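Trainee: These are the residues of each chain, in order.
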Amino acid sequence: MKYLFSALLLFFTATAFMSCDEETPLQPVVSQTIRDLNADYAPLVFNPAGPPTRPGETGKFTLFSFKTGEIVPNTELATTKWDIGFRATSIIFNSGSSGPGIVVGQIQNGIFDEVNEAPEAGYASDNALATPPQFVISPSPQIPGAAALTNQWWRNGGSTTSTIVTPIAGRIIFVRTGDNRFVKMEILSYYKGAPAAPNNVNDPDRHYTFRYVYQPNEGRSFR
Amino acid sequence: MVTATRTERVMGALPMPVLMIGKPQIQTMGSVRLNDVLTEQPGLVVVPQVNGLGNGIQLQGLNPDYTLILMDGEPIIGRFTGSLELSRIAVGNIKQIEIVKGPSSSLYGSDALAGVINIITDRPEGTKGSVSARYATFNTLDLNADFGFKKDRLGVYTFLNRYRTDGYDLSPQSFGKTVAPFSNYTFNTKITYQFTPAADLSVSVRRFEERQTFGFEVQNAGARIRTFGEGTTGDWNVNTVFTQRFSTRSKMIGRLYATRYHTATWLNRESDGAPYYTDYFQQTFLRPEANAEWFLNDKNMLTLGAGAIRESVQTSRYGDDAERFQFTYYGFFQHEWTPTGKLSVISGGRLDHNSIYGSQFSPKLSARYEVSPKVALKVSSGVGFKAPDFRQVYFNFLNAAGGYSVLGTEVAPARLTELDAAGQIQAYFFDPATLGKLQAERSWSVNAGASVNMSARLQGEINLFHNSIDNLIETQAVAITTNNQTLYSYRNIARAFTQGVEANLSYALFKHWSLAGGYQLLFAKDKDVLEQVRDGNVFYRDPATLVTQRLARREYVGLYNRSRHMGNIKLFYLNPATGWEGSIRLVYRGRYGVGALQGNIQGENIPPSDSNSNGVLDRFDSFVRGYGLVNVAVGKTIRETLRVQLGVDNVFNHTEPVFIPNLPGRLLYISGRYQFQQKSKPKNP
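Protein sequence lines correspond, in order, to chains A and B. Using the numbering used here, the first residue of the first sequence is number 1, and each one after it goes up by one. Using the numbering used here, the first residue of the second sequence is number 1, and each one after it goes up by one.
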C-alpha cells in the first residue's frame with residue numbers, strides 16, 4: 001500500500017512538471033549584485049567662496065535594465081529599454097514624468113532574503129511636475145524624527161558639514177517592469193568599492209552597489 | 001546641614017537621594033572650577049555641548065538641559081543649547097554643593113527634571129580672609145582672595161577670583177585650538193544685617209566676566225575659511241533675602257532675585273580681515289518670591305510660597321533685535337510630617353502658570369523609614385518638567401552656509417509661507433500648520449533606596465531610579481528649500497526613559513585614611529525606537545558583508561552619550577595633627593556611543609557611532625572606548641595659616657581629541673593659600 005502511494009505521487013508530480021514545460025518553459029530566477037554603477041560621478045571642486053561644485057558632471061541618469069542586467073545608454077532615455085535610472089541620490093522609474101514606459105516601483109521595510117513575494121499593490125510613478133515634486137523614491141535623506149516618511153533610501157551617516165550617504169538597512173525597493181515582471185532590490189553602498197566606513201576624502205561617491213532578484217516568469221513570487 | 005527641601009535639614013534625614021560635597025573635599029581635590037568638582041562625583045558626567053565645546057552635567061542619564069543649577073537657591077541663567085557652562089562658576093567661595101537626584105519641580109519649577117544642583121556660597125562668619133594662587137599646565141593661573149568680617153549686626157564677605165589659561169590643542173594638525181585662550185573674573189560680595197534678633201537681611205551681588213580670543217577654521221559648505229575673533233560672556237546677579245521670624249514656630253522669607261547674562265562673538269576672515277560672523281545673546285531673569293514656614297506642632301511643618309518670574313531674551317539669532325518676554329506665576333506648598341521618630345513623610349506640589357506653555361502642576365511625595373538604627377529606607381516619586389526655551393519658540397536664523405536652518409515654532413509658519421511665496425520651497429516633509437504650540441517636557445520618576453550604617457566606619461547607600469520622560473522636544477524637519485537646505489522646527493515628539501542603580505560606599509580604613517567608592521548602572525532608551533525594535537522594524541547592515549539583518553531587542557543599546565557603567569574610587573588621607581593631606585581618585589566612564597552632531601570645533605569630521613545604517617545605537621556599532629582617569633593631590637598645612645598643594649590630574653594623560661574635546665591631557669598644578677582668622681574674643685570675660 002505504502003509503495004503504491006509513493007508511486008502514484010511520483011507519477012502525478014512527473015505529469016505536472018511535463019504539462020508545465022509544454023506550456024511556457026520556466027526561466028531561472030536571476031539574482032545579481034551590480035557593483036559600482038557610476039551615477040554621474042565627477043570629482044568635487046572646492047571653492048574659496050560658496051559651496052563646492054562638480055564641473056565634470058553630465059547631469060544625465062545612468063539607466064539600467066533588470067531583464068538584461070546591463071546598463072542602457074542614456075541616449076535611450078526616451079525608449080522603454082530601461083527600467084530604473086540613477087543620478088547622484090536620485091532614482092527614477094521609466095514611467096510618469098521620468099520616462100515613456102510603465103515601470104512602477106515602491107519602497108518597503110523588510111529583510112531582502114526573507115521577502116519571497118512582491119506586494120500586489122502600492123506601486124507608483126514619478127511625478128516631477130507636481131508641487132511639490134513627487135518621486136517614488138525620495139532623493140533626500142531620511143531625517144530623524146520624520147519616521148512617517150518611508151520613501152527615503154538613505155540617511156546622513158556623516159555630519160552636518162560632511163554628508164555621508166548611508167543606505168538605510170532594511171529598505172527593499174520593489175519594481176514592476178513594463179512586461180509585468182517583478183523585481184526586488186536593495187541598495188548596499190553609494191561609494192566606489194563599497195567600503196565599510198566611507199569618507200569623502202578617499203572614496204568617490206555616486207557609485208551604487210546594489211543587489212536584486214528579477215523574476216523572469218509571471219507572478220509575484222521570487223522563488 | 002542641607003537645604004534640599006528648601007528648609008535646612010540634617011542630610012541623612014532627607015527622604016530623597018542627596019549628595020553633599022563640602023569645602024574640605026573641594027580643597028583636597030584641588031579643584032578650581034565647578035566642572036572639576038562635579039566630574040568626580042558618582043552618577044554625574046560632565047559632557048560637552050552639541051557643538052563639542054563646554055561642560056554640561058548629565059544626571060541619572062538625562063541631558064544637561066534637565067538639571068537646574070542654583071546658586072544660594074536662585075537659578076543661574078545663560079544656557080547654550082540647553083547646557084549651562086559649569087566652568088563659569090569658581091569654587092573658591094563655595095561652602096558646599098548639594099545635589100538632589102530626582103525631579104524637584106515641586107519646589108523649583110521648570111528645569112528641575114533630573115535634579116537640582118544647589119551651590120551654597122560662603123557667608124560672613126567672623127573676621128577672616130585668605131589669598132591663594134594656583135599655577136597649572138597650559139599656563140593656567142587661578143588667583144583668589146576673600147575677606148569677611150562680622151561685627152554686631154553687620155556682616156560682610158567678599159570674594160574675588162581671576163582665572164586665565166592658554167587653553168589647549170588636542171588636534172595640532174588642525175588650525176586653531178580645541179579650547180582657545182581665555183580669562184575671566186568673578187566678584188561676589190555678601191552683606192548681612194540683623195535689624196532685630198528676629199529680622200535679618202542678606203544682599204548678595206555677583207559679577208562674572210570672561211573674554212576669549214580664538215582663531216579657527218569655519219567649514220562653509222566644504223570650503224574652509226580661517227577666522228579670528230573674540231567672544232565675551234558675563235553675568236551678574238543681585239540676590240536679596242529678608243527673613244522675619246514671628247516666633248520659634250513660624251517665619252517668613254521674602255526674596256528678590258535679579259540676574260542678567262550676556263554673550264557676544266565676532267569673527268573676521270583671516271585673509272582680508274572682513275567681518276565674517278557676529279552674534280549676541282542677552283537674557284534677564286527677575287523673580288520676587290515670598291514663602292512662609294510654620295511648625296503647626298511637633299509632628300507637622302508646613303511651607304507655603306508664591307512668586308512671579310519675568311524673563312527676557314534679546315538676540316541676533318531671532319532675526320531681529322526685539323526683546324522677547326515670558327512671565328511665570330507660581331505657588332507651592334510642602335508638608336513635612338513626622339508621626340513617629342522613625343517615619344517622616346514629605347508631600348508637596350507646585351503650580352506654575354506660564355505665558356508660553358500654560359499651566360503645569362508638579363507634585364512630589366517622599367518618605368523615609370528607619371527600619372533599625374542602622375538601616376533607613378527612602379522612597380520618593382514626583383513629576384518634573386522643563387519649559388520650552390526661548391530658542392525653541394523664537395529661533396529665526398537661516399544658516400545659509402550650514403546647509404540647514406532651524407525655526408522656532410512661533411516663527412516657522414509665517415517664515416515658511418514667506419519662503420513659499422518666493423518660490424523657495426522645494427518640498428514639505430511636514431505640514432507646518434500642524435506644528436502647533438510647544439508644551440513643556442515632562443517626566444515622572446521614582447527613586448527608592450536604602451542607607452545602611454554597618455558600623456561607625458562603614459556606610460553604604462543604594463538607590464534605584466526610573467525616569468520616564470514624555471513630550472521631549474526634538475527638531476522636526478519641515479521642508480527643503482530649492483537650494484537643498486533642510487528647514488527644521490521643533491515638536492514634542494520623543495519619549496525616553498532612564499533607569500538604573502547607584503551605589504555608594506565609604507569606609508574609614510585606618511586612622512586618617514578613608515576610602516569611598518561609587519558606581520552607577522544606567523539604561524537609557526528611546527521608547528519609540530524600543531517599540532520599533534520590538535515590532536521587528538529595525539534592521540542593521542553589516543558594513544563588511546553588506547548583509548541586512550533584523551535587530552533583536554537585547555541588541556539595542558539605547559541613547560547616545562550614555563555609559564552603561566561608571567564609577568569612582570577615592571582614597572583620602574587627612575592628618576590634622578601634622579597638616580598632611582592627600583588623595584588618589586580614580587574616575588571611570590564606560591564606553592558610550594556618539595550621535596551625528598557631537599563634534600569638535602577644529603573642523604574634524606566625527607565618525608558617528610552608528611556604523612550599520614540604521615540610525616540606532618546597537619551593539620554592533622562603534623563606541624567611544626571606556627576610560628579611567630587618575631587624579632592625585634598632596635597638600636600640607638603649616639600652622640593653620642599656610643597651605644601648599646601639589647597635584648596631577650589625568651596622570652596617564654588620557655585624551656580622545658575627537659570625541660572628548662573637554663578632556664585636556666595631563667594637568668600638573670601647584671597651589672598656595674594663606675589664610676588668617678581673628679580669634680574670636682570671649683565676651684565679658
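Errors might be hidden in some of the hints.
[Claimed, not checked] Pair ranges (Cβ atoms, derived):
(1) A:P100 with B:R224: 42 to 50 Å
(2) A:V29 with B:W444: 30 to 38 Å
(3) A:I71 with B:V547: 21 to 29 Å
[Said to hold, decoys possible] Derived contacts from chain B toward chain A, CB cut-off under 7 Å, selection only:
(4) R534
(5) N537
(6) P543
(7) A544
Read the hints as simulated data drawn from the structure, not as lab findings. None of the values given here were measured: they were computed from a predicted structure. Virtual Cβ for every residue (Gly too), placed ideally from N, Cα, C.
Trainee: Does each hint hold? Answer for all of them.
Mentor: Hints, one by one, checked against the model:
At roughly 45 Å, the beta-carbon separation of A:P100 and B:R224 lies within the given 42 to 50 Å, and the hint holds. A:V29 and B:W444 have their C-beta atoms about 54 Å apart, which leaves the hinted 30 to 38 Å range violated. In this structure the hint that A:I71 and B:V547 lie 21 to 29 Å apart at CB holds, the actual value being about 25 Å. Annotation: interface hint on B:R534 violated; nearest CB of chain A at approximately 14 Å, more than 7 Å.
At about 6 Å, the closest approach between the beta carbon of B:N537 and any beta carbon in chain A falls short of 7 Å, and the interface hint on this residue holds. Satisfaction of the interface hint for B:P543 is found here, the shortest Cβ-Cβ separation to chain A being roughly 4 Å, below the 7 Å cut-off. With its C-beta approaching chain A no nearer than about 5 Å, B:A544 sits inside the 7 Å limit, and its interface hint holds.
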